[in-house]
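Protein chains in written order, with our numbering: chain A, 3 to 438; chain B, 171 to 713.
Keep in mind that the hints are not guaranteed to be accurate.
Listing some non-contacts, in silico: residues in chain B with all C-beta distances to chain A over 12 Å [to be verified]: (1) 302; (2) 311; (3) 352; (4) 364; (5) 397; (6) 400; (7) 403; (8) 404; (9) 548.
Here are the computed lysine to any residue pairs in the SDA-like style, where the Cα-Cα straight-line distance is at most 20 Å [said to hold, decoys possible]: (10) B:298 <-> A:342; (11) B:310 <-> A:171; (12) B:196 <-> B:614; (13) B:294 <-> A:365; (14) A:310 <-> B:614; (15) B:298 <-> A:365; (16) B:681 <-> B:376.
No wet-lab data here; the hints were simulated from the structure.
From a predicted model like this one, the values you see are computed outputs, not experimental measurements.
Every residue, glycine too, gets a C-beta built ideally from N, C-alpha and C.
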Amino acid sequence: MKVSVFGCELSGLVTAGALAQTGNQVLALPIGVVKVDDLKRGVLPRNEPGLDGLLQSQVEEGRLQFEGDWKKGVAHGEVLILSMPSWRLERAEEVIKTIGEQARGDVLVVNQSSFPIGTADRFEAQIKLAFAQRGLVAKVAVVAMPEFISEGSAISDFVKPDRIILGSHDPQAIQQVRDLMRPFNRVIDQFKVMSTRAAEYTKYAVNALLATRISLINELANNAEHFNIDMEEVRQGLGSDHRIGFNYLYPGCGFGGPSFAADVKNLVGTLQSKGYDADLLKAVLSNNEIQKEVLFRKAWRFFDTRLKGRKIAVWGLSFKPNTSTVENAPSLKTIEAFVEQGAIVKAYDPKAMKDFAAHWHHPEGLELVNDMYEALQDVDALLIMTEWKAFWNPDFKRMKQLMRKPVIFDGRNIYEPDRVMERGFRYFGVGRGEIV
Amino acid sequence: MGVQHSQAWMALQKHCQDGAGQQHLKTLFADAHRAEHFSIELDELFLDYSKNRITEETLSLLIALAEQQALPDWISRLLTGDVVNDTEARPALHTAARAEGEDVQGVAAEVQADIELQLQKMAKIVDKIRSGHWRGFSGKPITDVVNIGVGGSDLGPLMVTHALQTIESPVNLHFISSIDGTQTSNLLNHLNQETTLFILASKSFTTIDTLSNAETAKDWLEEKIADSQTLLSQHFLGVSTRPDLMSEWGLPEDNQLLFWDWIGGRYSMWSTIGMPIALKVGMDGFREMLQGAHLLDKHFGSAPMSQNIPVLMGLIDIWNINFLDIQAKAILPYDARLKYLPAYFEQLVMESNGKSVNRAGERVGYKTCPILWGEVGPNAQHAFYQLLHQGTQSVMCDFIAPVERDDFKTDAGTEKDHSLRYQHQLAMANCFAQSRVLMLGDAAIPESIKAKFDSPFKHYPGNQPSNTILLKTISPKTLGMLVALYEHKTFVEAVIWEINPFDQWGVELGKLIAKETHAAIKDVALSEAFDSSTQNLIKRIAK
């Protein structure tokens, strides 16, 4: 099939690469800051495992090309895929306008982006109106196919999905998208066909539910501390209940990221602007913002509010492991909080230091170092903000020698409190370890 | 010799007796150019004073009175920091507090560095709170700030923050003033110790109202905070002229903001007392307010008297009070955001000029400050306007209104915005209609419906004088201009009356007697020397 993918951020590139790999002729068209020339030279906007190789192989096979001219994209694709960040709605409107003006026959648009509910229907109506004005008689369908990929595992999420949600009222369009996506639907039938709006809403609902689960487990963990309860024991008890399960049950220093948190924020924004209730989700979000500073608060109390001049090490900046992104990450808020109190922070992250530097706007107080142990030199405490694998079994002896005070605030509960304390550390987890 | 025996005063008396005192406003308005003649504009503030019973001659006689009383010299003495508050032997430098180093001479220039230092210290604290980096004992950002203060340490910040309510603030502001503790108790039920910060605002730092509320706040914090040092350093700020007393109370130096005895309490919102305003609108907004006031200060110091807005307003008040014998003034803002403006002006004007002894210590032989009161105009229309229209009192009114409302988008075109714009028009229509009817009385009734008003109960005498002040919008800048205008026109009147507007001895005795009475409530035996009424009352509440 001939496919054009509009949008060359993570989701668009993964979609383009995976579809090319299954034999389609794919044209990938950037819609924002990403430049065609960069893509052609192999410079990617995201540092995603496996993506580099996938794209390069498909370009070499001749099934994937990058293109800047949207008109060519409209002319090329039997299926036109919109795959953009949620805040790119305006660019999507422009793509739809181009389709309305340029298409010469039947049009099938598949929207993967998290735009407001009702966007797919509206796009369809806009293209139809443009066709009518041009006197063009042709079929138009816009199918909602929300993406559920996660940074760090984006390619496998796309090619081995839990389910593929297809939203449309048009059986023929559904059949066409089924054909396109069939290679990723091998084991059992993963297609869930529903109305366009239900498909759009499902994406938001999934993230809302997961966010609520995390915020709730965080609140339970914070309160477990008041009763001197180890939340890890509670987590085992909770997760073993088949109605609950173990996923998304880890307490920690808050969730972040460019799409997950943003989706919930957008949903709340949409609901509020229309005057609908969103009390629970608002609480989930504000809880999470407060949770992002949980390690700061522990340190604030541990040091009796006197943080001025203290040196603090931070391990992990990205919003989760295996990604270079710090957007909405707890590390941003936490490090700012320390620096604003006059503390000096030395931070290390295996991949996200460049992105962190780009998001950091304070003139002083932060040093980014290239080695996890270098960060520990003479510090009063270590904060763990991201559970990168490299942090799980460090050289504790060396750590203790380097640190001025052996104090660990663990925002991801990666250590066993008793084991770390045996080694002479003060240890404060989230719902675990010492209480302060 | 009192001013009432002076040449200029007697000339005004003669002018009044010769007919000017009997004129009806409706006849004065036979001159089609009257409004144009008797109105003046400065930047974003417009004053129409044409609905006063004055003529060109009245004004020139009033200006002659001002010259006789050396008003220009007094203005310059005020602005340069001369000792104009003679009973307390100090200058009144509220204008210096908002000069930001510009256009100041004399002592007013010398104090600029001290003022700026405190403003910068305040800016740091304000930014820290607004950015969420001022932390409570548990490490959470402060979300609620409670100003504990009374009189000048309360009214200014309360009035301005309420007036600027359409500006979104990252912190919630609350005000506690009254000594009885009900405000405190109600408020504390709704706040969380982790995220609440108190400002203790007291010029003397001995005000019992403020200190007793502060003790209650401290007790409440102690329910959650064990460490007293953390409690004081993270949950209290002090604003006072007395660093020694703030330290004694336990406030760390970093948490102390200063002002000085040469800024009167009722003139202090321009100083660090204005911190709640800065917390509400940010330090830039606060400085815009200072700049608005400074604009008026420059005008007051430089415009010729016939073009000087505070001078004109003050002199017209003198005419109304001392020659037309009008002893009441109503402050009538036509925007609910200005709800606390009447209360603010009540304090400013009556605490300044509510005096009957001149600077020489002699009893004055003429009326001074009238009774001032007010209310949001549209609400007052359903209350005391009856008295304005048909009572036996002559009352002068100040109508105050914004030309534009900034709380809806003019081009949004939604039904709600359309309705709001319509409501603003209605409010303005009411404002202009009321001042017109107060002026014209029966003459405002259209010919076609005159018959319906043929009844002794439907008679409107009119001839009530008024000013109308239009502000472009309600903003930090226009509020700064408006308040400075009233400060200066109050000073103008004080100069004519030869009284000191900057002391307030009248409020001292009651404070002293309250201490004695409090002792008697705790030990009833001590009340035996009191009058029978006070004794009885004490017995009823003593436990």
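Pairwise hint evaluation, residue 365 of chain A against residue 294 of chain B, where the allowed Cα distance is 20 Å at most:
holds (16 Å)
Need the status of pair residue 298 of chain B, residue 365 of chain A: alpha-carbon distance at most 20 Å?
holds (16 Å)
Does residue 302 of chain B really sit off the interface, with its C-beta more than 12 Å from all C-beta atoms of chain A?
Violated, since 8 Å does not exceed 12 Å.
Quick one, are residue 310 of chain A and residue 614 of chain B close enough, alpha carbons at most 20 Å?
violated (71 Å)
Take a quick look at residue 548 of chain B and tell me if its Cβ sits farther than 12 Å from every Cβ on chain A, holds or violated.
Label holds. Min Cβ-Cβ 28 Å, cutoff 12 Å.
Grab the minimum beta-carbon distance between residue 352 of chain B and chain A and tell me whether it stays above 12 Å.
At roughly 31 Å from the nearest Cβ of chain A, residue 352 of chain B sits farther out than 12 Å, so the non-interface label holds.
Residue 364 of chain B non-interfacial with respect to chain A [C-beta, more than 12 Å]:
violated (10 Å)
May I ask you to check that residue 400 of chain B keeps its beta-carbon over 12 Å from the closest beta-carbon of chain A?
violated (5 Å)
Does residue 404 of chain B really sit off the interface, with its C-beta more than 12 Å from all C-beta atoms of chain A?
Nearest chain A Cβ is 6 Å from residue 404 of chain B, so the label is violated.
Does residue 342 of chain A sit within 20 Å of residue 298 of chain B, going by the straight-line distance between their CA atoms?
Status holds; Cα separation ~8 Å.
The output says residue 403 of chain B does not contact chain A. Does that hold with a beta carbon cutoff of 12 Å?
Incorrect as stated: the minimum Cβ-Cβ distance to chain A is 7 Å, not above 12 Å.
CA of residue 310 of chain B to CA of residue 171 of chain A, is that 20 Å or under?
Given that 20 Å is the threshold and the Cα spacing comes to 49 Å, the pair is violated.
The structure fails hints 1, 2, 4, 5, 6, 7, 8, 11, 14 (numbered hints given earlier, in ascending order).
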